[in-house]
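Letter by letter, the chains look like this.
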Amino acid sequence: MSIKLKVVLGVLASMALSALGNVRLAAWLRREDVEAAARQALRTAAESYADLEQADVEKLSAVLEGVSADPSLAKAFLRRDRPRLLELAGPVFAALRERHGVTHWYFHDPEPSRTCFLRVHAPALHGDVIQRPTFEAAVARQATASGTELGRTAFALRVVRPWTRGGKLIGYLELGEEIDHFLRRMRRQTGDEFAMLVLKERLDEKAWTATRGAARNTWGDRADVVVVNSTADERLLGWQGRVQDLPEGGRVLGLDRGGDRAFVRGAVPLADATGARVGALLVLHDVTALDRGLQDHYRGVSVVVLAIALGASVLLVLLLERLVFRRLERLMARMEDLGARVAGGDYDVAPDAPPPSGDEIGRLEEFFARFLRVVGGALSDLQRRQGRDG
Amino acid sequence: MGAIYETVKRIEAAIERRRLPLYKTRGLIALRAGFLLGMVTPDTPDDPLRIAVLKAAAREVLGEEI
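Chains as they are written, first to last, in our numbering: chain A, 1 to 390; chain B, 1 to 66.
These are computed hints drawn from the structure, not numbers from a lab. Please read these numbers as outputs of a predicted model, since none were measured by experiment. Beta carbons are placed, not taken as given, at the ideal position from N, Cα and C, and that holds for glycine. Treat the hints with caution; some may be incorrect.
As the list claims (entries may be wrong) - Computed spacing ranges between beta-carbons, pair by pair:
| no. | chain 1 | residue 1 | chain 2 | residue 2 | range |
| --- | --- | --- | --- | --- | --- |
| 1 | A | ASP352 | B | ARG19 | 16 to 26 Å |
| 2 | B | PRO42 | A | VAL7 | 44 to 54 Å |
| 3 | B | LEU22 | A | ASP359 | 32 to 42 Å |
| 4 | B | GLU60 | A | MET332 | 19 to 29 Å |
| 5 | B | GLU60 | A | VAL7 | 28 to 38 Å |
| 6 | B | GLU60 | A | GLY10 | 29 to 39 Å |
Construct the complete structure from the given sequences, taking the supplied hints into account.
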C-alpha cells in the first residue's frame, strides 16, 4: 500500500471518527437537555405544590380569623351548648365547603383537656383528645399552625388557630381540606400529569378501601405504597422505586417515547406536617415539542459537522496531493533521470536541478543536486585520470 | 581491445542508431549492470560474468541483443 493511500485512509478515518464523536456528543447533549427539562418540571411541581399549600393555608387562616371574631359562636362555645354551636356553624360550614372546599371544621377545648368539643363535619364524634401535629404546634406556639397531615385515607391540609376572647384563650379553631384538588389545579397550571403515592403503613386499609366506592381496589397493586390520587394517566404509575430512596430534590425517572409523543417522568418526596416522609409525588411532563426541536437542532448540527468533516477531508487530501505527493513524484522522476544521466557519463547535470523552494521537499532536492554535483565531479576527475593513465 | 570494451561500443552504436539520449540510456544500462560504462577502456580486462550482465542490461533497456 502506498504512503499516499495510507495517508488518505488515515485522514478519512480521522474525520469519520471526529464526525462520529460529534454525532454522539449531539445525542448526549440532547439527552442532557431533555433531562434538564425533566428536572425543571420536577422543581416546578414541587414549587407549585408548595405554592398551592401556602395559598390554601392563607385562605383557611383568613376564614378562621373571620369565624373567630363571631361573638355568637364564642358565646355558644363558652356555654358548652353544642347543639347551638352546630346550628350556628352548620350553614357557614356548608358555604365554606361549597365555595372553598373546606371539608373539616373543629372546635377544640383548651388545655389541659385538649378534647374535641365539636366536629361540624361529623357532629356525632366528639370528646376525643386531639394529638395531631398541627394542633400540637398551635398549642405549643400559641399561634396559628398549619401543615398537611395524613388521615386514615388521604392527605388533608389543616390550619389550627388559638381562639381568644378579650385576650383570654377559650379554645382552638381548626379548618381542614382534602388536597385532592391540588393535583387537578397543578395539572391546569402546568399541563403536567401527577399522581400521589402514600406509604401504606401510614394509612388504614379498610378505611381507604371504603373510599374507593365502585372503583377498583388498588391497595394490593404495589408492595409499599398506594396511589391516593392521580390525574388519571397510567404512564405515571410505572415507577416501582422506594419512596425512602428518593433524594430530597426528587429524581428524574426517565424519558418515554411513545408514538409521536415524548414524556419525562420524575418523582419528588412528600412529607407531612412533622417533616416525616410519607409518600411521593409523581410527575409526567410532556417534552414532545422540546424533544422534536432538539432533534431537529442536533440533526442540523450533525449534518453540518459531517459536511465540514467531509469538506476538510477533501481539502486535506488535495493539499497533500498538491504540496507533497505530486512534488515527490516529480522529485522521484528527476532523481531517476539525473541519476541515470550521471551514471551514463553526463557529469555536469547539477544545473538541471530545479531551483530550491525552501520547504522540506525543496531541501531534499537541493541536497540531491549538491550530491550529484559532488559525485559528477569525482567521476569526471576519475575518468580524466583514467584517460591520462591509459 | 577487450570483449567488454567491444560490447560497450556496440551498445553506444545501438543507442546512436536508435537516436536515443546517449547519457541517459547509457546510465540506465549502467545502473542495471552495476558499473559505469564510461570507466570501461580498451585495457579493461575481460570478465565473462560482467560481459553477460552488461548484455542482459542492454537487452532490457534497448530491447535488442547486443
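Consistency of the hints with the structure:
no. : hint                            : result
1   : A:ASP352 to B:ARG19: 16 to 26 Å : 21 Å, holds
2   : B:PRO42 to A:VAL7: 44 to 54 Å   : 53 Å, holds
3   : B:LEU22 to A:ASP359: 32 to 42 Å : 34 Å, holds
4   : B:GLU60 to A:MET332: 19 to 29 Å : 20 Å, holds
5   : B:GLU60 to A:VAL7: 28 to 38 Å   : 33 Å, holds
6   : B:GLU60 to A:GLY10: 29 to 39 Å  : 37 Å, holds
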